[in-house]
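K.L.:
Here is how the chains run, residue by residue.
There are 2 protein chains.
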Amino acid sequence: MTIIADGKLLAEKIYSNIKAKVDKLDRKPMLAVIITNDNEAGKIYVRNKQRACEKTGIQSKTIEFDADVSENTLINKIQDLNNDKNVDAILVQLPLPNHIDSEKILNAISPDKDADGFHYINAGKMFIGQMPKTIACTPKGIIRLLDEYKIQISGLNAVVIGRSNIVGKPISQLLLQRNATVTTCHSKTKNLEYYTKNADLIVCAIGKPKFLTGNMVKDGVIIIDVGITRLDTGKLSGDVDFESVASKASLITPVPGGVGPMTVAMLIQNTLDLSIQYSE
Amino acid sequence: MTIIADGKLLAEKIYSNIKAKVDKLDRKPMLAVIITNDNEAGKIYVRNKQRACEKTGIQSKTIEFDADVSENTLINKIQDLNNDKNVDAILVQLPLPNHIDSEKILNAISPDKDADGFHYINAGKMFIGQMPKTIACTPKGIIRLLDEYKIQISGLNAVVIGRSNIVGKPISQLLLQRNATVTTCHSKTKNLEYYTKNADLIVCAIGKPKFLTGNMVKDGVIIIDVGITRLDTGKLSGDVDFESVASKASLITPVPGGVGPMTVAMLIQNTLDLSIQYSE
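Protein chains in written order, with the numbering used here: chain A, 0 to 279; chain B, 0 to 279.
I should point out that these hints are in silico values taken from the structure, not numbers from a laboratory. Keep in mind it's a predicted model, so treat the numbers as computed, not measured. Hints may be right or wrong, so weigh each one.
Copies of the same chain are indistinguishable here, so a pair counts whether it falls within one copy or spans any two.
[Claimed, not checked] In silico lysine-lysine, BS3-like type, Cα no more than 27 angstroms apart, as pairs:
#1 Lys103 to Lys132
#2 Lys217 to Lys54
#3 Lys149 to Lys187
#4 Lys196 to Lys60
Please model the entire structure based on the sequences and the hints provided.
P.N.:
Here you go:
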C-alpha cells in the first residue's frame, strides 16, 4: 500500500493551529514581502503567501519595486522594516534582478525578522545544530510532513538529490540531525542509481520533470518530491515520475499538493514564531 | 604503491611561504589565544601553535584564566581583543569548563578575527558556499593536503565518518563544494561497511583508535585519518588501523604527521589572512 502524503491537508491543519494562536494575540503578526515587478513567477507565490496569511489572521504587506531598483534602495527599505515594531517577519522574494547581490540583500534582514531563515547567522546556527530563530521553509516543511506520517528518520539511508542552499543542503543537515545517514547527490554525481537504488528515503530537488523513475528506486522507498515544473501540456510535474515510482514507494508526496503547501505553511509558522519570540 | 601523505612536510612548506610574506609586513600579525588552566590537553596544542607562530614571525600571546572564570569575564576579554588593533586573530582553546556556554563565547569573537572559523556567520557563509574570512582549520587542512597530492575530488564517492561541528560536518560541505558525492556517517549509521566498502575517499573523525580496518575498504581508497588518541602503551593511534588499511589504500595520512600538522598550519594561515584582509 502506497501512502500519498497529503501536504495540502496538513497545511490546513497547521493553519487552524496558527489561527487559534493568532486569535488570542492583541497585536496580529505582520509579514512584509519585498518583490521586484519583473518577477512574474514570484508574484504567484506571493499571492499564495498572502492568502495563507489571511486564513490565519496574520497581516501581510507587499512592497513592490521596479526591476531597475538599486541595492541601496532595497537595503534602506529593509532597514526601515527591521526598525518597524509592527513588522515581525521580512521576506525578499527571489530571484532578484541580476544587478542585485542577493546574498547582500538577504543578510540585510535582521536575523530576528528573517522569515526564510536564509541569513548567515540562522543558516550557521542550523548547520551547527543550534536552534535558529527560523529554518528555511521547504526543508522545515519536509521534516514536518515526515513527522506527521510518523516516519522514523533515525538510521535511514537518506539520499538527497540536489544541493541548493534553499533545499538540498539544509534538508541534508536536518536529516543528519535526525540521525539519518545522508548522501547528497548532484549533477556531478557518478552512477546516481547506485545511491538511489539503495536509499530508504529520497528527497529530489533539482527541477527536472520526471527525472527519478521507478527503475531507480527500491521497493518500500519513501519519496519526497520538491520539484515543480509546468510542462508544455500545461500540467504541473514534479522531479519524480509519479506513476512508476509510486507503485514501489511506501510513501510519496504528490505534485502539486505535497511539499509546496508545506513550504507556505512553514513561512506562516515562521512569521508567528518570530512575532512571539520575545513574549514567551 | 601506497602514498603516505606527509602532512608534516607540507606544513613546513606552508610555514616557509607564510614566513616570506610576514617578513615583508611592517606590523607582524598577532594571534591571541584564550585558555582555561584546567585544560591540560589544550595547553599542549597551544604550545604547538605558539611554536608555529615563532617559525613564521607571527606574534602570539596566551591569556590564561582560572577554571572558575565567569562567562562575562571571558566575553569582556574577547571584546577587548576585538577592539585591540594589534590583535588580528583570536582563538579560544576548547573545551571550556562545563559552566561556560561555549557557543556564546565563540560567537563573541568578531567574525573578522575568528581564527578557527567557528562563528555562526563564518560557518553560515561556508555552508552557503560563500567564501568566509576563515574556515575551520582541520577541514581546511584536509582539502589543502588533498590538493597537494593532486587528488581529483570531483566525482568521488566520499564517505565522512563523524559529524562534529569542527570536522565531520564542515569537511562534508567542503568536499561537496568540490563536487564529491558525500555521505556523512555517524554512530547511528546502520551497516557502515556498506558505505565504506564502496568509498573512493574516506575521512575518519570519531576518536576511536584503529576503528576502520582493512576489510572495510576497497582497493585504491584514499584515507584521511583525523583521530588521534594516546593508547595505554603510550603510542599515538589514529581512527584507522594503519597497517591493514594502508595495504589497500592509494593514499593514506599517518598519525602522527598527517592531518595534525596541517590543522596547526591552517591556523597560522588563517591568522595571516585575517591580518591582511583589509590591506589587499
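K.L.:
It remains to establish, for every hint, whether it holds in the given structure.
P.N.:
Evaluation of the provided hints:
1. Taking identical chains as interchangeable, the C-alpha atoms of Lys103 and Lys132 lie at most 27 angstroms apart whether they share a chain (19 angstroms) or sit on different chains (16 angstroms).
2. In this assembly of identical chains, the alpha carbons of Lys217 and Lys54 never lie at most 27 angstroms apart, being 40 angstroms within a copy and 56 angstroms across copies at closest.
3. In the homo-oligomer, the alpha carbons of Lys149 and Lys187 lie at most 27 angstroms apart only across protomers (19 angstroms), although the nearest pairing inside one protomer, at 33 angstroms, exceeds that limit.
4. In the homo-oligomer, the alpha carbons of Lys196 and Lys60 never lie at most 27 angstroms apart, since the shortest distance is 46 angstroms inside one protomer and 54 angstroms across protomers.
When held up to the earlier numbered hints, the structure conflicts with 2 and 4 and fits the remainder.
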